[in-house]
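Colleague: From first to last, the protein sequence lines stand for chains A and B.
FYI, in my numbering the residues of the first sequence are 19 to 131.
FYI, in my numbering the residues of the second sequence are 98 to 203.
Hint data in this document are derived by calculation from the structure and do not stem from the laboratory.
Keep in mind that this is a model prediction, so the values were computed, not measured.
A hint or two may mislead.
[Said to hold, decoys possible] Pair by pair, the computed Cβ-Cβ distance ranges are:
(1) A:Thr-94 - B:Thr-117: 36 to 44 Å
(2) B:Asn-107 - A:Thr-94: 33 to 41 Å
(3) B:His-170 - A:Glu-101: 39 to 47 Å
(4) A:Leu-57 - B:Pro-105: 19 to 27 Å
(5) B:Gly-125 - A:Glu-118: 46 to 54 Å
(6) B:Gln-106 - A:Gly-103: 20 to 28 Å
Beta carbons: idealized from backbone N, C-alpha and C, even for Gly.
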Amino acid sequence: DTGVSQNPRHKITKRGQNVTFRCDPISEHNRLYWYRQTLGQGPEFLTYFQNEAQLEKSRLLSDRFSAERPKGSFSTLEIQRTEQGDSAMYLCASSLEAGEGYTFGSGTRLTVV
Amino acid sequence: KNEVEQSPQNLTAQEGEFITINCSYSVGISALHWLQQHPGGGIVSLFMLSSGKKKHGRLIATINIQEKHSSLHITASHPRDSAVYICAGIGGKLTFGQGTILTVHP
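Model the full structure from these sequences, guided by the hints.
Modeller: Here it is in structure tokens:
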């Protein structure tokens with residue numbers, strides 16, 4: 019297992035376009051988390067899944083954002099009608115229950131122009 | 098008010114100095130992660146603590162459950178330790194502290 023994998027590493031998109039990011043967690047981890055980090059700030063929680071169930075969503079996750087984990091393995095995060103304020107690093111992490119083995123992916127850096 | 102408070106926000110040290118970063122957290126957090134992030138780099142989990150003390154090389158992390166307080170210590174600091182250190186409380190999701198920017202000068 020190569021850890022938590024995120025694709026793409028970088029994405030540049032025009033304002034108004036839709037983008038989708040993918041996260042492949044460590045295979046035996048049943049929890050998967052999405053965070054967003056802007057330059058000079060700490061990560062902010064967006065949402066997390068236990069298996070395929072989305073257990074919590076932040077108020078930061080507006081209706082333009084949607085996340086899925088259909089089979090309890092990989093997850094996708096989609097942003098519709100991107101805005102310049104969406105430019106950030108989007109981080110995925112996975113863990114066993116209760117936070118054991120918490121591992122971050124390298125992130126997807128989104129730039130909206 | 099953030100559920101996880103970290104101090105100091107910035108820390109500058111000379112190579113070889115002993116460094117301490119502090120973290121206080123609120124009710125509802127059952128354990129803490131200490132994380133390290135280099136500029137432009139990914140986040141690496143250093144420790145996960147729910148009680149006591151853990152040591153890995155020159156890094157030591159302690160947690161006091163009663164006082165809801167944790168510390169990260171770096172012994173014999175080195176310029177390659179320069180990074181942002183973040184404590185994050187575990188209560189389902191992670192709740193992050195503000196981070197401590199550590200700069201170690203040779």
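Colleague: Does each hint fit the structure? Answer for all of them.
Modeller: Evaluation of the provided hints:
A C-beta distance of roughly 41 Å is found between Thr-94 of chain A and Thr-117 of chain B, which places it inside the suggested range of 36 to 44 Å. Look at Asn-107 of chain B against Thr-94 of chain A: about 37 Å separates their beta carbons, and that is inside 33 to 41 Å. Distance hint for His-170 of chain B and Glu-101 of chain A: a CB-CB separation of about 42 Å, consistent with the stated range 39 to 47 Å. For the hinted restraint 19 to 27 Å between Leu-57 of chain A and Pro-105 of chain B, the CB-CB distance of approximately 21 Å keeps it satisfied.
Gly-125 of chain B and Glu-118 of chain A have their C-beta atoms about 18 Å apart, which leaves the hinted 46 to 54 Å range violated. In this structure, Gln-106 of chain B and Gly-103 of chain A meet the distance hint of 20 to 28 Å, their C-beta atoms being roughly 24 Å apart.
Hint compliance for this structure: hint 5 alone is broken.
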